Structure formats: C-alpha cells, structure tokens
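*Asks:* If you're matching them up, the sequences are chains G and Z in order.
Heads up, the first sequence is in full-length UniProt numbering, so the first residue is 1 and it goes up one at a time.
Heads up, the second sequence is in full-length UniProt numbering, so the first residue is 1 and it goes up one at a time.
Since the hints were derived computationally from the structure, they do not count as laboratory data.
Bear in mind that the values here come from a model prediction, so they are computed numbers and not experimental data.
It cannot be assumed that every hint is accurate.
To be verified - Derived CB-CB ranges, DEER-like:
| no. | chain 1 | residue 1 | chain 2 | residue 2 | range |
| --- | --- | --- | --- | --- | --- |
| 1 | Z | Gly13 | G | Asn162 | 33 to 39 Å |
| 2 | Z | Asn99 | G | Ser80 | 40 to 46 Å |
| 3 | Z | Asn99 | G | Lys180 | 35 to 41 Å |
Claimed, not checked - Partner residues are not named here, just some residues of chain G that face chain Z (Cβ under 10 Å, in silico):
| no. | residue |
| --- | --- |
| 4 | Ser109 |
| 5 | Gly110 |
| 6 | Gly123 |
| 7 | Val124 |
| 8 | Pro127 |
| 9 | Ile130 |
| 10 | Tyr165 |
| 11 | Asn166 |
| 12 | Glu209 |
From the three backbone atoms N, C-alpha and C, an ideal C-beta is built for every residue, glycine too.
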Amino acid sequence: MKGTVSLKGTQEGYQLIIQSSASLEDAYEELKSLTSQMRKDSHNRREIKFHVKTGLRELTDKEKNIIIEIVEDDYFKISSFESDVITREKCVRWQKEASPTLEVRTVRSGQMVEAEGDMLLIGVVHPGGIVRASGSIYIIGELKGTAHAGVNGKESAVVVANFRYNAQVRIGDNVHVIEKKDRQIDEEADTTEFVYVNDLHIIEVSKLEELKALRPELDNYAGGIYNG
Amino acid sequence: MGKAIVITSGKGGVGKTTSTANIGTALALQGKKVCLVDMDIGLRNLDVILGLENRIIYDIIDVVEGRAKLHQALIKDKRFNDQLFLLPAAQHADKNAINEIQMVDLVEELKNDFEYILIDCPAGIEQGFKNSIAAADDAILITTPEISAIRDADRIIGLIEQTPIKAPQLVINRIRKGMMEAGDVMDVEEITRHLSIKLLGIIYEDDEVVRASNRGNPVVLDPDHPSSQGYRNISRRILGDTVPLMTLKEEKVSFWKKIFGFGK
Ligand SMILES: Nc1ncnc2c1ncn2[C@@H]1O[C@H](COP(=O)(O)OP(=O)(O)OP(=O)(O)O)[C@@H](O)[C@H]1O
Ligand SMILES: [Mg+2]
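With these hints in hand, go ahead and build the complete structure from the sequences.
*Replies:* This is how it looks when you write it as structure tokens:
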C-alpha cells in the first residue's frame, strides 16, 4: 500500500511521517523502498538526520529498533521519535512524579510512610518514624525522626523542614544528623530550611532563600512528559 | 576474644535496658571496649537512653539481611574514644526477622573487636529472648524486690540452666530502703537465697536514673548518685575486683546539715 510513509523536509531537517492508520508491516516495506531509493538518488552522500513522527501510534522499543535497522546506515541517522500519544503506564508514572503525594498524619515510632516522587507531609514525624520518597520531601509540621529523600539515588532531591529538633536527614546515600544542641535556634523566627547535596557531594543545611538558586527545577512539574 | 553477657529478666520494665546502658558505660569508663546490642526488635530503647537515637542509619536486621556490613551499623558513643558502641535494634522489622544462628554468628564477629558485648534482652521468653540467650556466654538477671518479678526471674533461671551458660548472676534493682527495712518487701538476702544464684549487685531506686535517661546521658556518668555507685560496683565485679556490697543502712542526713547545710 502506497502512502503509508511520507518524507517531509522542514527547516529543522527531514521528517519521516508514518500514518497511524496503516499497518506497521506496510510501513516497514515502504520505508525500505523509500530509503533505498534515496540512497540510489544521492551521489555525494552526506549525513542526514530523520525525525520520525508516528501520529496516534506509540511505538514499542522493539518496533523502533526495526525502523532504526531499516533506515540507519553510515549516513542516515534517526535523531528522534515523536508521537501524539503516550502509554497509560508512562502517564501514570509521570503523574506520580509530577504531583507530590500529600500525607496528613502523624508518623509514629516504628512507622514508615513512603511515596513515589515528591512528598508533602503535613504533620509530625516522631522519633523512630521514617518518611521516604524517591523525590523531595517537604514537611509542614515537625521532623523529629528520619526523612529520606531520593531513596533510589536521586541526589538532586531536597528535604525542606523546620530543623529545630534532633532528627536525621538522608538524601540518596548521604546522611546528615541534626543535633538540636549544635544549632542556634531563634524561637521567634521561622526557621524553615532545606537539606541538599552540594556539588562536592556533601550533604548540608541551607537557608530557604538559597533553594530557588540551587534547585531551580523544583517547581517545574511539567518537564517529565516531553522527554519520555 | 570478647565475652558476651545477656541482660535479662523475664518480667518487663524492671530495668534491663537501663542496666545495659549503665553497666556498659561503666565498663567503658574503666577502659574496656564495649558493644551494646539491642535485641528488643520493634520496641528499641537503648539508643534513646544513650542519646544516640538520631544517629541510627542501619540496624541489626539490615546487617542480618545483608543491606549493611556490621561495622556500618555500629554507632559510636562520642563521649568515649572508640570505647563504647551500639548495635541498634530494628524498629520497623518483625521480631522473627533474626534467628539464633544468625545472632550467634553476629556476636562471634563482634567478639573479635570488643572485650565485652552486652545484649539487652526483650521481656518475655519468645524469639528475642532465645536469640539473646543463644549468643551469650554469661547472663545477668535483673529483678526488683517485687514478688511478681522474682517469680519471673525464677522461671528464667530454670530456662537458662538448660543452656550452656553457667548460672546467671543477680542484680536487684529499684531497692527502696524504707520498704525493705520495714519488711514490706523481701530483703536482698532473702531474694538472693530464694533464687539461689550469686548476687552481682544492687541498685537503689533513684529519680536521677529517670532524669539522666531522659537526657540521653546514663546516670553512671555522674558518680554522685547512689544508683551510679551501684552500677560502677557491678562493672568492677564483672572485671573481677572484689567490691563490698553497699550498705543497706540509710545514710541519715544529719539534723545539723539539714538545717544549716553543713556538719555531719
Ligand atoms: N534504679 C532505678 N531507679 C529509678 N527508676 C529506674 C531504675 N531502674 C530503672 N528505672 C526506670 O524503670 C523504667 C523501666 O526501665 P527499663 O526500660 O530499663 O526496663 P526494661 O526491663 O528494659 O523494660 P522492657 O522490659 O520494657 O524492655 C524506666 O522508666 C527506668 O527509668
Ligand atoms: Mg528494655
């Protein structure tokens, strides 16, 4: 069947557009003949990059590999794939990563509260209680136990809280023990601060004013969906 | 090669954890290298009394399940130079997450690095008790002068007699002189005779114990309290010194001292 794949030149380069209504088998065939024709036609071959658009079809990695196999050689390269849809799984994952999990509770000794992505805890973490998140942790209330952010190794995660009690903060594999007696605490002022891992891979407490400068991406929740 | 001593009681709340912290600290004060092992999985306390609660990163179950090496889980007590360490219990795990064989292996490993390993046993006679006993060379039995505690102590002695541990040694805790003198409770000699094991020491009821534990500083660090003296004597007897038993007679605060703040 003809017309399942079309080639379009744009200012950014070449686009290969695969009709989402066509069968993939047909599309593979047509890609084969299209690219072999292009190879024949060009005499002084130079590198060409293709951006593959699949419309309302999300390709699996296996399908992408077949297309790469057909198209790529020393000169032809596929720069990226783009579709207008995403899988439910990806969407759920993105949704989890993008919206913080809200917990309103007391985390008692021996309890562990976990979240995928970021966590916003409104309440108190008692000594011996643990909150864990793969992203950052924000606590409105009191942290007297342990807060572990970036549990899967995301070192850019932070923990925002009022560090005026004995507590422990972990980010990835880094551990910081908060000793009340070592901290000058102004009982009047709001002492919300954040803990992060700096460029030297040292975990430290910093003033809230620094947060935006050190972690500008924190409130950028739409990021994840576009690049897979 | 170090020696492992379990601190046990049968009855709950008679002072096992307090005694572990204080005897361990006293041994460290005498220059011994000591490791305290909290076996009370799920209801750990030893870390709190030592003021080390927020330093726990890994616990004994992390070690047993291979998430951490033993040395990573040990918490150093900063008040001493590499003398006193704690292996904390897990607060989030099941009591049965560790068995006797694993506990024995772990304590054997500790014996390479420490002269004394004190195991804080949980109340009761379930898995935690079995683990604690299995790994121990010696036992210290804590009781209070109450009949119910003495009954449980008697039961524990019977259980320990069936193990390779030689007879446990007795510590009578929370002694109130007035009540003992008035005959309201069994006295030290009666309790020792009734249980027919060797008396290692006695500890007086002392508010300072509670105060000190609340601050995360075991009372034994401050020698000026009767309870502290008791713990120090026990540690010296463990080291083989002969120390006379503290007298039961109340040191009466003299009338003149009460009024004028001086005199004897
Ligand atoms: N000599 C003492 N004088 C005053 N209070 C004491 C004394 N010994 C222990 N206590 C207090 O008794 C309570 C129980 O002590 P501890 O926690 O050591 O007992 P335990 O046997 O370990 O309890 P559990 O069976 O729950 O593990 C604590 O509040 C402790 O401070
Ligand atoms: Mg206890």
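*Asks:* Taking the least C-beta to C-beta distance, is G/Gly123 closer than 10 Å to chain Z?
*Replies:* Because about 18 Å separates G/Gly123 from the closest Cβ in chain Z, which is outside the 10 Å limit, the hint is violated.
*Asks:* Verify the interface restraint on G/Pro127: the C-beta must sit less than 10 Å from at least one C-beta of chain Z.
*Replies:* Since chain Z brings a Cβ to about 6 Å from G/Pro127, closer than 10 Å, the hint holds.
*Asks:* Can you let me know if the beta-carbon spacing of Z/Asn99 and G/Ser80 is within 40 to 46 Å?
*Replies:* Taking Cβ atoms as reference, Z/Asn99 and G/Ser80 lie about 54 Å apart, which means the hint is violated.
*Asks:* So, G/Ser109 near chain Z? Judge it on the closest CB pair being under 10 Å.
*Replies:* 6 Å, holds
*Asks:* When the nearest CB of chain Z is found for G/Tyr165, is that gap smaller than 10 Å?
*Replies:* 9 Å, holds
*Asks:* Does the interface hint hold: is G/Asn166 within less than 10 Å of chain Z, judged Cβ to Cβ?
*Replies:* 4 Å, holds
*Asks:* For the hint 33 to 39 Å, verify it against the beta carbon of Z/Gly13 and that of G/Asn162.
*Replies:* 34 Å, holds
*Asks:* So, G/Glu209 near chain Z? Judge it on the closest CB pair being under 10 Å.
*Replies:* 26 Å, violated
*Asks:* Let me know if the C-beta of G/Gly110 comes in closer than 10 Å to any C-beta of chain Z, holds or violated.
*Replies:* 5 Å, holds
*Asks:* Would the hint on G/Ile130 be counted as holding, given a Cβ-Cβ threshold of 10 Å to chain Z?
*Replies:* 7 Å, holds
*Asks:* Starting from the hint 35 to 41 Å, judge whether the C-beta atoms of Z/Asn99 and G/Lys180 obey it.
*Replies:* 38 Å, holds
*Asks:* Hint G/Val124 vs chain Z: min CB-CB distance below 10 Å?
*Replies:* Violated - the Cβ of G/Val124 stays beyond 10 Å from chain Z, reaching only about 15 Å at its closest.
When the structure is compared with the earlier hints, violations turn up for hints 2, 6, 7, 12 and for no others.
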